[in-house]
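Start from the sequences and build out the full structure, keeping to the hints where you can.
So the protein lines, in turn, are chains A and B.
Note that UniProt numbering numbers the first sequence so that position 359 is 359, with each residue one more than the last.
Note that UniProt numbering numbers the second sequence so that position 365 is 365, with each residue one more than the last.
Be a bit skeptical, because a hint or two may be false.
Claimed, not checked - Straight line, CA to CA, 27 Å or less: simulated DSSO-like cross-link-like pairs of lysine-lysine:
#1 K507/B to K451/B
#2 K641/B to K655/B
#3 K79/A to K658/B
#4 K664/B to K72/A
#5 K327/A to K451/B
#6 K236/A to K655/B
#7 K17/B to K327/B
Just so you know, the hints here were simulated from the structure itself, not pulled from any lab data.
Protein chains: 2
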Amino acid sequence: MSDSTKVNADLQRERQKCTFNITELTNVLDGGPAMTEERRRQEEVVLKEGIHVEEVPSEYLSHKEKYELAVKKACLLFKLIRRLQEEENTGMENFRAVLGGSLGSAILQDGSPLTLHYVMFIPTLMGQGSVEQQAYWIGRAFNLDIIGTYAQTELGHGTFIRGLETTSTYDPKTKEFVLHSPTLTSYKWWPGGLAHTANYCIVMAQLYSNGQCHGIHPFIVQLRDEETHMPLPGIKIGEIGAKLGMNGTNNGFLGFEQVRIPRAHMLMKNCQILEDGTYVKSPSSKLTYGTMMFVRVVIIKDMCSYMAKAVTIATRYSAVRRQSQPKPDEPEPQILDYLTQQHKLMVSIATVHAFTLSAEWIWDMYNNVTAELEAGDMERLPELHALSCCLKAVTTADAAECVERCRLACGGHGYMLASNLPVTYGLVTAACTYEGENTVLLLQTARYLVKAWQQAAGGDSLPPTVAYLARRSPPWDCSLEGIVRGFELVAASKISLCVANIEKRQKSGLAYEDAWNMTSVQLAQASEAHCRLFVLTSYFEETERRVKNVSPQLREVMLQLVDLYVVYWALERMGDLLRFTSISERDIEKLQQWYEDLLTKLRPNAVGLVDAFDLRDEILHSALGAYDGRVYERLMAEALKSPLNAEPVNRSFHKYLKPFMQGKL
Amino acid sequence: MSDSTKVNADLQRERQKCTFNITELTNVLDGGPAMTEERRRQEEVVLKEGIHVEEVPSEYLSHKEKYELAVKKACLLFKLIRRLQEEENTGMENFRAVLGGSLGSAILQDGSPLTLHYVMFIPTLMGQGSVEQQAYWIGRAFNLDIIGTYAQTELGHGTFIRGLETTSTYDPKTKEFVLHSPTLTSYKWWPGGLAHTANYCIVMAQLYSNGQCHGIHPFIVQLRDEETHMPLPGIKIGEIGAKLGMNGTNNGFLGFEQVRIPRAHMLMKNCQILEDGTYVKSPSSKLTYGTMMFVRVVIIKDMCSYMAKAVTIATRYSAVRRQSQPKPDEPEPQILDYLTQQHKLMVSIATVHAFTLSAEWIWDMYNNVTAELEAGDMERLPELHALSCCLKAVTTADAAECVERCRLACGGHGYMLASNLPVTYGLVTAACTYEGENTVLLLQTARYLVKAWQQAAGGDSLPPTVAYLARRSPPWDCSLEGIVRGFELVAASKISLCVANIEKRQKSGLAYEDAWNMTSVQLAQASEAHCRLFVLTSYFEETERRVKNVSPQLREVMLQLVDLYVVYWALERMGDLLRFTSISERDIEKLQQWYEDLLTKLRPNAVGLVDAFDLRDEILHSALGAYDGRVYERLMAEALKSPLNAEPVNRSFHKYLKPFMQGKL
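The following block contains the structure:
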């Protein structure tokens, strides 16, 4: 109906309005021009293979067909990565984006059944295997002689690892372990790739030897015959069924009926069972924090990719979509001109910036702490752990809300899978639960905060991220620094109130655990306040640092976004600020006006800001969000791909509808 | 592994703890014992036909197969309803629950392609057809000689009806209308059943006659041949593609290439085109409010069903699930014992009560207004309209949040489709967009509130639901009535601030429309505050009224739930209360303690409260939520239904995985 190479005129106008250099911002977000270049090169190399191209879009396939397509794509993708590794003489870590994040999820929209082989099976072998075990197993795993996964969670137990029921009992007579699932709830449940893909598995089980339980340890178990792929005797294995999203990941269940494995199949870097069954303890168990920290930082970065995707789609769509007629003689405005729409989108853009910079901040901290650890200094480990817990909880929850807000901002068309927003939500909301359920994580941070508070009360010095607990805050002032200091007072006051409440309840006769539980709604909120403060601070400070090296045009916009984010959260948490700071009604009205003015100032740069996320059309995978803004043409083109549209009359007419109409059904 | 008739022991204990008579509460929520009995009878009659039973659960089917299954089920279901109508000599309205709500969505989980025939096609014929048109068309539609749908929304236009582009031009020479789609964006898009199911359609189009446009009018258009079901010439028709949910509804697109229909096919009850093309106007256009009001009240009631489903599932699961070990020597507690979990569930239960009673309140008001209307009195129409707009927005948004909160409260297992929580979310979140996008609706209410405020300022008397705008509120007091009065002050203050902001911006030179737009974030919030106040008030007052006739045991629990709901919202909206009332820090701490005490008091009745929603297992359709609480057995049983589990080795192993492992792919 119109020239197919043309960019939508409204979008073109938006791009002309942009006041800053888009590539410059892309570079800042990537961490420098070299990083942008390398990312783009990888995307180009991977996407030109065309693995992501689907004959029939996967949303039209059955659950089983989705899995089969995922296996095909995952094999082709990993084959490609292997070739590139050889060509470029580099390791797997260089291709992280391909395994997860925006590029990976663009190719394997329903998730990959091979991911756990690379992100859990091999790393666990490396982290927990003895030198001999590593020599033997890592080679086989890298060569793909075997494909593995990692099984910890059980049907009846997730977050609480000590409660796992699978047993591994050492038999000194045969020098074997006997793996067993004593109950239905002890069945392993959830591991990706477990159902029909992996033939080996690292199983976490309660270790028994000489009648004693030594807690959870890792064991390598063969699941399937290497030639025929048939499950081995005593192995009860299958798929756990359809899910909200990620139906290509092949999550499985696994039960054992007295399955015997050699003694050498326990991973023994940290703990050992000697031939006679003697248990030799690990020198330190804190060393596994590293992997967990790494995974959590990766999750935060993934949340940034997903939010960037969602807000790019919604913003471009809002520039193209026109609706209603507030002024009788003027054309319908772009919906991006409505302040309520800007309210939904701008904070989403700012959140991507805020979390990107916070993730880098905590990643630096992690690297410092790791260096200290290697020098034997464990002092900052609890602080880092506490921070990573609440950050994982808050970033995943905010990301889920952000993606849904963007989806709903696209009206009915956001409900179409062709928008790619529902699938993105499926990926993001899953992160609220996996790697530590969010409420549980917030309460873990709260435990640390309560201790830190008591330390501060006792006059002890505090680690940097909780040093504010001991500071006296100045009276409210309506500046960025003033707001951040206000949030310090909020977090400190909330923790202080929690401590007082727990103590009061203990005095009234409750056990500490019950007093804690009765206060836990407030504790989770205090933990969230601590996290908000951290994000606001690190976003603010990192931006101040980075804008020193950028052009004045970009600096202005980056600082406007920080302002917007901080003022947005001040308005969102007005109740806290009113309770704990000296903010006045006049200040609030000033903040509200400041916020509305910022939306207006940022409005002309909205499309430029999402263009700077630099997400290729293949990665966005959205009829609403493509660079050319040809929303309606693309929606129609996608609709025509529905297999239902291949025939003018569906067979159900003859089979059901016509007999029904004729009273003959 | 255990006796399959047994109820989970924890659930059994919960039921023994319940302090009130469950059936008594069921009766209160249904509106009396007779209503409960009738509902149960209908459920029994419909479910015993087994139409809901699926050989392979629909989540494993392809998009196309889901549609075919939906056609089959819908035909069987409507055949059954027809039989029952004849047997019981009653109309369609008696089977509303079967068309929508919890029973309907239990049978047709992916939605029904025939629903619009009954809820839009026939009612529009009745409401907009002339007597002759009704006589001809309604008979054909009831007899199922034809199957219809209703096409209003276009690819480029949703909420803004004046912007629709489809044209219907009268040709006096042939006495026909010519329907045409002048652009891609003018294609009809979204109507349920349009794609492959209906053969007739009511099309809303811009009416042109004698060179003049007369706005949007309804036309009956034949889409497909009655015998062969082939699309007629000039009719471009198909399916719009896969969606987040409701993939059985067969949403379609429809374009016209100069399609001619007889003059008699314009629905002419309200407006007419004479043979020579003369347009004869309708006496009043406000009469269509009735249908819209009815639809919105139905939406609120549906939201109650979905929330009741979600919280029943999550509460029963929380009674069965045990996790963690706060006290070293005690067993793992039920997760329902954690205050954070009670915090997520109890307010969800209270919300079902609150919205159920608010829906009845507005339904009564609607019936009164309709009676007044028929007596020619239109005074309360704007008030009713304003209330229905914000209520639709707030109840759908709250319901979506509630269902997701319940899903996340079930941890990883809530992500399984077998929990039925993801599908429920898909149904609920759709309602945030259809029948009026939520932000647009909130701003419609705001327009009314601003006018009412100006009326009050001018000393005019106000209709009941906005009378609070003229009241002076007493100082804060920490009682239920005190909180509700505090919310009156909040809503009034927010509206007042909006009016002041708009005026200030006008004085600074902005046009009214621009001043409105710049204030619209605040206006939407003011509108939400007005709605919260209404829900709190009507829930509080209706409960006070109803508890007069219930047992003391039930009264206590119902009043605790009202307390919980009101205090919950006071804590949620603490910023507003601090800004606009004289609430003190002491009061806040008192409210927090009150809230925590209420959770503890309600805890023993949690399972009893969800049992009282009286949702049969067939309706819950959830492995996590069944009455017997056999969560893990059911999860495993559901998993085994996955077609992937029918074979020990999937064909993709031979086709991709093995060649990949051997380097031969």
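Consistency of the hints with the structure:
The hinted pair formed by K507/B and K451/B meets the criterion: a straight-line CA distance of about 19 Å does not exceed 27 Å. For the proposed pair K641/B and K655/B, the alpha carbon gap of about 24 Å is at most 27 Å, so the pair holds. For the given pair, K79/A sits about 13 Å from K658/B by alpha-carbon distance, which is consistent with the 27 Å threshold. Between the alpha carbons of K664/B and K72/A the distance comes to roughly 13 Å, so the proposed pair stays at or under 27 Å and holds.
A threshold of 27 Å between alpha carbons decides the hint, and for K327/A with K451/B the separation of about 19 Å falls inside it, so the pair holds. For the suggested pair K236/A and K655/B, the alpha carbons sit about 24 Å apart, so the restraint of at most 27 Å is met. Proximity of K17/B to K327/B is assessed by CA-CA distance (about 23 Å); at most 27 Å being required, the pair is judged to hold.
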